[in-house]
Amino acid sequence: MPTIETTTTDVCIVGAGPSGLACALKLAARKIPFVIVDGLEAGHNGSRAVLMHANALEALSTTHPQLADEIVAAGVRSKLILNVSNKGQRNFLIDIDAANRAYTKYAFCLLIPQHIVEAAMRKHLGDVIQWKKRVIAVEAVGQQYEVRFESGDVVKARYVVAADGSKSTVRQAAGIKYVHPQTGEESGPGPKDMSFVVADVVLQEPIPASVPTECLQLVAGGGVLTAPIPAAKGQKNLFRFYLGVPGTPPPAPDAAFIQAILDQRGPGSQWPEPAVPKIEQVIDSSRYRTRCALAERFFHRSPGGGYIILVGDAAHKHGPAGGQGMNLGICDGCEVAEAIGTHRQTAADSAEVFEEYSTRRRATAREVIEMVENMTNFEKGGDGWGHYLQTKMVSTMMKVPMFTGRIAWRLSGLGHAKKVAVAA
Numbered sequence: 001m002p003t004i005e006t007t008t009t010d011v012c013i014v015g016a017g018p019s020g021l022a023c024a025l026k027l028a029a030r031k032i033p034f035v036i037v038d039g040l041e042a043g044h045n046g047s048r049a050v051l052m053h054a055n056a057l058e059a060l061s062t063t064h065p066q067l068a069d070e071i072v073a074a075g076v077r078s079k080l081i082l083n084v085s086n087k088g089q090r091n092f093l094i095d096i097d098a099a100n101r102a103y104t105k106y107a108f109c110l111l112i113p114q115h116i117v118e119a120a121m122r123k124h125l126g127d128v129i130q131w132k133k134r135v136i137a138v139e140a141v142g143q144q145y146e147v148r149f150e151s152g153d154v155v156k157a158r159y160v161v162a163a164d165g166s167k168s169t170v171r172q173a174a175g176i177k178y179v180h181p182q183t184g185e186e187s188g189p190g191p192k193d194m195s196f197v198v199a200d201v202v203l204q205e206p207i208p209a210s211v212p213t214e215c216l217q218l219v220a221g222g223g224v225l226t227a228p229i230p231a232a233k234g235q236k237n238l239f240r241f242y243l244g245v246p247g248t249p250p251p252a253p254d255a256a257f258i259q260a261i262l263d264q265r266g267p268g269s270q271w272p273e274p275a276v277p278k279i280e281q282v283i284d285s286s287r288y289r290t291r292c293a294l295a296e297r298f299f300h301r302s303p304g305g306g307y308i309i310l311v312g313d314a315a316h317k318h319g320p321a322g323g324q325g326m327n328l329g330i331c332d333g334c335e336v337a338e339a340i341g342t343h344r345q346t347a348a349d350s351a352e353v354f355e356e357y358s359t360r361r362r363a364t365a366r367e368v369i370e371m372v373e374n375m376t377n378f379e380k381g382g383d384g385w386g387h388y389l390q391t392k393m394v395s396t397m398m399k400v401p402m403f404t405g406r407i408a409w410r411l412s413g414l415g416h417a418k419k420v421a422v423a424a
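Read in order, the letters of the sequence shown correspond to residues 1 to 424 in this note's numbering.
Take these hints with a grain of salt, some might be off.
What follows is a set of in silico ranges between Cβ atoms, one per label pair, in the way DEER data are often shown [to be verified]: (1) Thr213 / Thr248: 29 to 39 Å; (2) Gly142 / Thr248: 39 to 49 Å; (3) Gly247 / Gly152: 37 to 47 Å; (4) Gln281 / Ala119: 34 to 44 Å; (5) Pro303 / Asp97: 45 to 55 Å; (6) Arg360 / Gly142: 21 to 31 Å; (7) Pro303 / Glu214: 51 to 61 Å; (8) Glu370 / Gly247: 38 to 48 Å; (9) Trp131 / Gln172: 17 to 27 Å; (10) Thr248 / Asp97: 38 to 48 Å.
Below, simulated DSS-like cross-link-like pairs (lysine-lysine); rule was C-alpha separation at most 30 Å, straight line [claimed, not checked]: (11) Lys167 / Lys418; (12) Lys123 / Lys87; (13) Lys236 / Lys87; (14) Lys87 / Lys31; (15) Lys418 / Lys177; (16) Lys156 / Lys132; (17) Lys132 / Lys31; (18) Lys233 / Lys123; (19) Lys31 / Lys418; (20) Lys132 / Lys105; (21) Lys177 / Lys132; (22) Lys31 / Lys156; (23) Lys177 / Lys79; (24) Lys123 / Lys105.
None of these hints come from the bench; they were simulated from the model. In this text, a Cβ means the ideal position worked out from N, Cα and C, and glycines have one as well.
Given these sequences and hints, build the entire structure.
Okay, here's the thing in structure tokens:
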């Protein structure tokens with residue numbers, strides 16, 4: 001029979017995605033003992049998030065500047081965001097560099113797949129992740145929680161960080177509801193859920209003028225996003241596509257399925273002389289359904305004084321517009337590590353530091369969800385005068401530098417950065 005292990009530590013992080021890894025890196029920098037586990041056999045390697053914004057890079061760089069530099073070096077810096085119609089007309093342009101360079105050295109959207117970011121974070125963290133650890137129960141015992149796994153192993157910790165995704169077992173164990181941010185009703189599958197395809201593809205040469213090779217582009221009304229992403233050695237013309245899809249797409253859409261969408265409503269599809277990109281190879285593809293959700297609170301205290309704290313998708317969920325998910329999760333992870341460090345130094349057991357974390361990060365998540373929902377509604381467009389007038393109005397407003405600067409600032413997340421007091 002296999003040996004059953006029981007480990008006692010200060011913090012147990014459940015989930016080794018970006019938010020869990022960010023928390024682990026910050027705890028390691030503070031020399032706070034922790035265990036990090038994940039139910040997968042190894043790290044993610046498929047199509048997921050593809051954008052990093054300034055706030056996440058700034059948060060990582062405070063303790064791991066070399067990590068932030070390596071991530072930036074591995075990605076494509078998109079200093080502009082283009083929004084065009086499928087007829088090729090430019091609706092607007094957001095100059096991220098001009099708007100934000102006075103406030104950060106990361107004045108761009110970094111186009112980089114999530115699995116590359118995670119790999120860099122794991123390298124700096126070291127070989128400490130315990131894989132194939134699927135949680136089956138989380139129970140409060142005295143001042144600690146006992147986290148139990150399918151293997152029979154147990155981790156005892158005062159602080160449990162739920163970084164285990166939108167279907168979080170840890171959140172459910174804490175009895176925290178996952179609700180719609182507007183209605184307050186419990187979130188669940190519904191007819192308004194959006195389906196989309198995420199695909200990494202190699203495009204045939206020559207790359208048509210309808211597809212920029214140095215920046216992010218949104219095709220309004222078509223529900224299509226194109227992003228040039230770093231290619232493996234010996235590879236070129238690699239792009240990430242996000243494609244809104246009515247109904248239910250196949251689990252791993254092939255080139256024919258994706259090409260049909262591009263031909264119908266992709267970039268260049270309605271140009272006087274069509275300039276639709278042609279797919280040479282699909283490297284990876286998957287489907288997702290998304291809806292917005294927000295945990296009713298971001299922490300739970302047991303009667304004995306143990307804490308469960310939520311980060312990332314365990315705390316909030318929204319669509320891919322604006323590339324906010326990975327960034328929000330990384331900043332959650334960084335801040336919860338700070339909160340744990342502060343709480344450990346508090347003589348009296350007070351939940352105040354976690355109340356502050358929950359209030360601040362929940363308000364941030366709510367604001368981001370609202371922004372993403374508005375962007376999604378604009379991107380998917382529609383027929384008739386309503387959509388036409390909306391597009392004209394937004395295009396006119398986006399010609400005002402102060403307005404586009406505000407959008408660039410909101411996308412960067414810098415306005416949500418926690419202000420740290422500096423001793424005199």
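Now the hints, each set against the structure:
1. Thr213 / Thr248: 29 to 39 Å: Holds - the Cβ-Cβ distance for Thr213 and Thr248, about 32 Å, lies within 29 to 39 Å.
2. Gly142 / Thr248: 39 to 49 Å: For Thr248 against Gly142, whose Cβ atoms are near 47 Å apart, the range 39 to 49 Å holds.
3. Gly247 / Gly152: 37 to 47 Å: holds, 43 Å
4. Gln281 / Ala119: 34 to 44 Å: Given a distance of about 22 Å, which is not inside 34 to 44 Å, the answer is violated.
5. Pro303 / Asp97: 45 to 55 Å: holds, 52 Å
6. Arg360 / Gly142: 21 to 31 Å: holds, 29 Å
7. Pro303 / Glu214: 51 to 61 Å: holds, 56 Å
8. Glu370 / Gly247: 38 to 48 Å: violated, 27 Å
9. Trp131 / Gln172: 17 to 27 Å: Taking Cβ atoms as reference, Trp131 and Gln172 lie about 22 Å apart, which means the hint holds.
10. Thr248 / Asp97: 38 to 48 Å: Taking Cβ atoms as reference, Thr248 and Asp97 lie about 39 Å apart, which means the hint holds.
11. Lys167 / Lys418: holds, 27 Å
12. Lys123 / Lys87: violated, 44 Å
13. Lys236 / Lys87: holds, 27 Å
14. Lys87 / Lys31: Judged against 30 Å, a Cα distance of about 55 Å means the pair is violated.
15. Lys418 / Lys177: holds, 26 Å
16. Lys156 / Lys132: holds, 18 Å
17. Lys132 / Lys31: The given pair, whose Cα atoms are some 25 Å apart, holds under the 30 Å limit.
18. Lys233 / Lys123: At roughly 20 Å apart (the allowed maximum being 30 Å), Lys123 and Lys233 satisfy the hint.
19. Lys31 / Lys418: Holds. Lys31 to Lys418 sits at ~22 Å (cutoff 30 Å).
20. Lys132 / Lys105: violated, 38 Å
21. Lys177 / Lys132: Status holds; Cα separation ~26 Å.
22. Lys31 / Lys156: holds, 18 Å
23. Lys177 / Lys79: violated, 39 Å
24. Lys123 / Lys105: Since the Cα atoms of Lys123 and Lys105 sit roughly 23 Å apart, the hinted pair holds (cutoff 30 Å).
Going down the numbered hints, you'll see the structure goes against 4, 8, 12, 14, 20 and 23, while the others check out.
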